[in-house]
Every structure is written in structure tokens, then in C-alpha cells.
Amino acid sequence: MKERGFKLDWLLLPCLGSIAVLLLWWLSSNTWSKELPDPMKTWNSSKIYVLEPFAKRGELDQGILRFTVLSLSLVLKGYVIALILGTPLGFCIGLSKTFAKAFDPLCQVLRPVSPLAWLPLGMVLFLGAGKNASELAAVFTIAICSMWPTVLNTAAGVRAIPQDYLNVAKVLKLSRSQTLRKVLLPAALPYMFTGFRLSLGIAWLVIVAAEMLTGRPGVGGFLWQEYNALIYEHIILCILTIGIVGFVLDRLMSLVENRLKFA
Amino acid sequence: MPFLHLKAVSKGFDSLRGRTEVLKDINLEIERGEFVAIVGYSGAGKTTLINLIAGLTRPDSGQITLNDLEIEAPGPDRGMVFQNYSLLPWLSVYENVRLAVDQLFPNWSESKKHQHTEVNIARVNLTQATQKKPGELSGGMRQRVSLARALSMDPQILLLDEPLGALDALTQATMQDEISRIWQESNKTVVLITNDVDEGIYLADRIIPLSSGPAATLGPSIPIDIPRPRNRKLLSFDPAFKKARQQVIEFLLESNKHRPTSITRKMTLPDIEPEDLSQPRPMIGGRKTPIRKREMHRETIETGM
Ligand SMILES: Nc1ncnc2c1ncn2[C@@H]1O[C@H](COP(=O)(O)OP(=O)(O)O)[C@@H](O)[C@H]1O
Ligand SMILES: [Mg+2]
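In order, the protein sequence lines correspond to chains U and S.
Residue numbering for the first sequence follows the numbering used here, starting at 1 and increasing by one per position.
Residue numbering for the second sequence follows the numbering used here, starting at 1 and increasing by one per position.
Hints may be right or wrong, so weigh each one.
[Said to hold, decoys possible] Within a straight-line C-alpha distance of at most 20 Å, the following computed DMTMM-like cross-link-like pairs (lysine to aspartate or glutamate) qualify: (1) S:K133 - U:E59; (2) U:K173 - S:E21; (3) U:K170 - S:E95; (4) U:K261 - S:D154; (5) U:K170 - S:E72; (6) U:K261 - S:E250; (7) U:K173 - S:E95; (8) S:K257 - S:E21; (9) U:K170 - S:E21; (10) U:K170 - S:E136.
The set of hints was computed from the structure by calculation and includes no laboratory data.
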């Protein structure tokens, strides 16, 4: 009995929800929004991208997973830079009151700035780079937009370290670098990882905007191209892909995050 | 010269309402190998006192020496068991102890370090829990790990800050016996901070009350002439026990009497009066029972005896 209740909750209910939305979609495309392709049409037009996910027919005509890989590799570059810059910055803000006073307001001001606003600045910054300018601008935008959760969570994690742990370090006469490696880092790690997870979510969110504006191949670039080419089915395909990839990334990160929590 | 010597030590903290003096004119002499218990009310300044001896805080005035050397910074010659569990939760029992061993004896061989770690875990009877994380252990077991870590540093003096304060009574009793056994085996100097007078008398050679704060100071040192091994069951009938207990408690109560404090509290009296209808009744949430005039009564009482 219990087993069945479990399946009902976790399998049947999401299916029911999806069917309801599909129905609404189908109704909309057949009543008030004639331009919106209905579910069947979307599938027929998209299946070549899904069934041959790694095909490459042209720069902006590739299988959906191939696009995903292109987008992910760009996200990864920006994300790694965000972590490399954000983690030490967060540590400094968490450890030093002076540092926090100097940089915290700046972080709060820059945090809500949209990727659409950063990207043009990135283009200007890397104007001299020629052919690589658009990629560098995209990486810059991803890095600067996604680093704030890492900065703020790392700082919070460092501030939350109990005085007792620091006292232990003092009694054992750990050096500064040992205290950092053996006490501060592991103690702040669960918080830091929450920051990393949120940062990855933002990095993935930014990719579409970055690819749209720079016209780079990838899920976002494809979406924008197909909109301009009036093939609306593929917009929906891209939206679903972006959503699913984002969801999978978040699940993976939260798996690691849960393993880091000490009982 | 005494082994540990505190001379006219005072310590205060800045708070929002100005400076409060926590400890004032503390004088304490402890000989090598002695087991001394310090008892006091919570909030009196016991942790502050042991932090001063540990070197985690510096006194405002006065002098603290161990072996004639002034204590200026924390160090592993004073093994500390903290009031809260201070084990690193991401390390196993073994790794927590091993961290201290690695730090103190960097020149030892791998096998010697390993053996020393294991020996100290065995001393507190935790061999079966070696690979467990602190989160998987009970409160008593965690404090044993703390104790093992402190012992593994081979300190000159053990500082125990209410090590059993957070444990249930039965575990407290077993842990007291463990501490007593370990002290007898190791012959180390021990300073035990506690708020349990009976625990202090059961374990220590001398018990010293700390008056209630602010500006707490140590009372007379009361020697406990009860031969060891002491029998917990017979202890409460021992005249020496009764006498020590009475002296400590008298001092503590007396010190609390002079505290110019009073508590104002709201009284809840039995309902014998009709409901006070002039009082507005909260519509959402709040209390469901009627509000009565008597219940608005406030009373100020003097604390102490
Ligand atoms: N770092 C500190 N800053 C300000 N006040 C403190 C600090 N440490 C302790 N105190 C104050 O000193 C008093 C004694 O504290 P403590 O030594 O922890 O008491 P006990 O250990 O006896 O319960 C308390 O009133 C506490 O508020
Ligand atoms: Mg305390």
C-alpha cells in the first residue's frame, strides 16, 4: 500500500500536471494564439534535433545535445572564473571587518545588475580581441553575474564559524595557512557549496542572453536564430532543453552539497 | 613557587552599557599534580577564568605564570576541554585526535604517531568509535574525544571547562569516574570548572568557590580530606564531604546575597476574579483564555537569601 502511494506522488502527479499544461498549450494554439505551434507540430518539427542529438548540419543547425555541450562549455569557463574570483573575495569579506566595510556595499550594488547590461560592457572591454571578442564578452558576463552568490555565501560561511573551532586552532598553535586549510575552509565548505550551486544556476540563466546578443552557436543562439527565421517550434524545444539542463545541473550540485553537510 | 600562579588578576569586557568587570583580584596557587575544582554560578566568569589560564584572553591587570613562565598566548602545554563540543565535525574521532598529535609531534614517525593516537583514544574507552564522526556520537562520547585530544597533547596541565555540564545525570556519573581514573593514571595537574558542587568534591583535592559576578572573585580554598578511591554511594554520609559542601554552598549563597539585584516578573495568579472586560481582546492569535485583573499584577522580588 505504502509503495503505491509513493509512486502515485512522485510519478503520477507530475505526469498529471504535465498533461494539464499540454492541454492548455494545445487549447491556446488552437484558439487565441494561432501562431503558437501546438504540441504535436512542435514534436514533429523538433524530432530530428532530439533523435539525432549530436548531428552537425551547419553552424546554427546542430543536434540539441551538441548545442547543449557548446553552451555548457561556455558556461563552465565563466563559472570557473566566478569561483576563482568569488571564493577568495568571500573569504576576505568574511574574515576582515575592514574588508567587509570596503567591499560589501559594492557587492550589493553590482549584484542586481542584469546580464543584458553587463554584456555590452564586456564587448567594449574586449574590443581589441578581434575574433574572440564575443566569446570573451560572454565569459565575462557569465563570470560577473554568477559570482555574487559565491561571494556572499562564502562570507556568511566564514562568519558563522564557531569561536570554539578557532580556539582549538589557537591551542594547537596552527599556523595561519594551516588554520585556513584545516579549520576555516572545511568549516565554511557547506555554505560555500550552497553559493556554488546558486552561482551555477545563474551562470546557466545568463548563457541564453549572452548567446542571443553575441549570436554564438548554442542553445540560446539557436533559439534566437529560429525566432528570426519564424520557426517557432524550435523556440519551445530550446526552452524545454534549457529548463531540463538547468534542473539536472541543480540536482547534481545538491547531491554533492548534501554529502558535505556534517551530521 | 607554585606550579600555576595567578596574582591579582582582573578582567573586564566592554559592553553596550559601558565596561563590566567580570573577574576582580583573582589569586590562585596550584601545585603540580593537584586536582583543583572551581565552582560558581553560571555567568559568574568561570569560562573567562579558564580562558585566561589557557591564554585565549589576556588579563587587564595581574599576572599568570605556569612554571614561572608568564602565560602570554594559548599553547598545547595547557590541554583544554571546552565547555561546548569543540570537535571538528568533518573529521572522524581518529582524525580529531590525530590533528593534535601531528601538530605537536611533527618529528615522530608515522607509526609512532598512529600508535599514540590509538592509545589516547583507548584511554577514554572509545576504540570502537575510532572511525565515527562527532555527529554520530552521544554527548558523553564527544566529551571523551575532547578529553582524548587534550591528553594526546601530553600537556603539563589539563583545563576542563564544565566538561559534563551538558550531559544527563547518569552519563555525568560515569564520566566523573573516567576523569578520576584518567587523572590517577596520568598524574597530571587538573583544573576543573563546574557548577556542580558535589562533582567538584567527588573529584578534586581542593575546591574553590567563585563568587557570583560582576567582579567575581575566588573564595577560600577548601581541602577535601577524603581518601581515594572515593565511594560515590558512601560519599554523602562522609562528614568531610558534608563539611566541604556546606562551606562551599554557604560562600556561594553569601556572595549572591550582596548582589544588588532583583527580578521583576509577571505573576499568574489563580482565577478567582471575574474577567476584565475593559481589556481589549486580540481577535487573531493571542491568548484564548479571559484576561483577569489579578493577572496584570507585577511583582519585584529580591533574589538571594
Ligand atoms: N568576549 C566577551 N565579551 C563580552 N562579555 C563577555 C565575553 N565573555 C564573557 N563575557 C561576559 O562575562 C560574564 C561571564 O561569562 P563566562 O565566563 O562565560 O561565565 P561562566 O562560564 O561562568 O558561565 C558574562 O556576563 C558574559 O556576558
Ligand atoms: Mg562557561
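*Does the alpha-carbon distance linking K173 of chain U and E21 of chain S stay inside the 20 Å limit?*
The given pair, whose Cα atoms are some 29 Å apart, is violated under the 20 Å limit.
*asked:* For a C-alpha distance cap of 20 Å, please report whether K173 of chain U and E95 of chain S respect it.
replied: Within the cut-off at roughly 17 Å; holds.
*Does E72 of chain S lie within 20 Å of K170 of chain U when you go C-alpha to C-alpha?*
Since the Cα atoms of K170 of chain U and E72 of chain S sit roughly 12 Å apart, the hinted pair holds (cutoff 20 Å).
*Is the hinted pair K257 of chain S and E21 of chain S satisfied, with a Cα-Cα distance of at most 20 Å?*
holds (18 Å)
*Are the Cα positions of K170 of chain U and E136 of chain S separated by 20 Å at most?*
Given pair K170 of chain U, E136 of chain S is violated - Cα atoms ~26 Å apart, limit 20 Å.
*Are K170 of chain U and E21 of chain S close enough, with their CA atoms no more than 20 Å apart?*
violated (25 Å)
_So if I understand the rule, the pair passes when the alpha-carbon distance is 20 Å or less; does K261 of chain U with E250 of chain S pass?_
violated (48 Å)
*Does E95 of chain S lie within 20 Å of K170 of chain U when you go C-alpha to C-alpha?*
holds (18 Å)
*Does the alpha-carbon distance linking K261 of chain U and D154 of chain S stay inside the 20 Å limit?*
Roughly 32 Å between the alpha carbons, so the hint for K261 of chain U and D154 of chain S is violated.
*Measure nothing beyond the straight line between the CA atoms of K133 of chain S and E59 of chain U; if it is 20 Å or shorter, mark the hint as holding.*
violated (53 Å)
Hint compliance for this structure: hints 1, 2, 4, 6, 9 and 10 are broken, all remaining hints hold.
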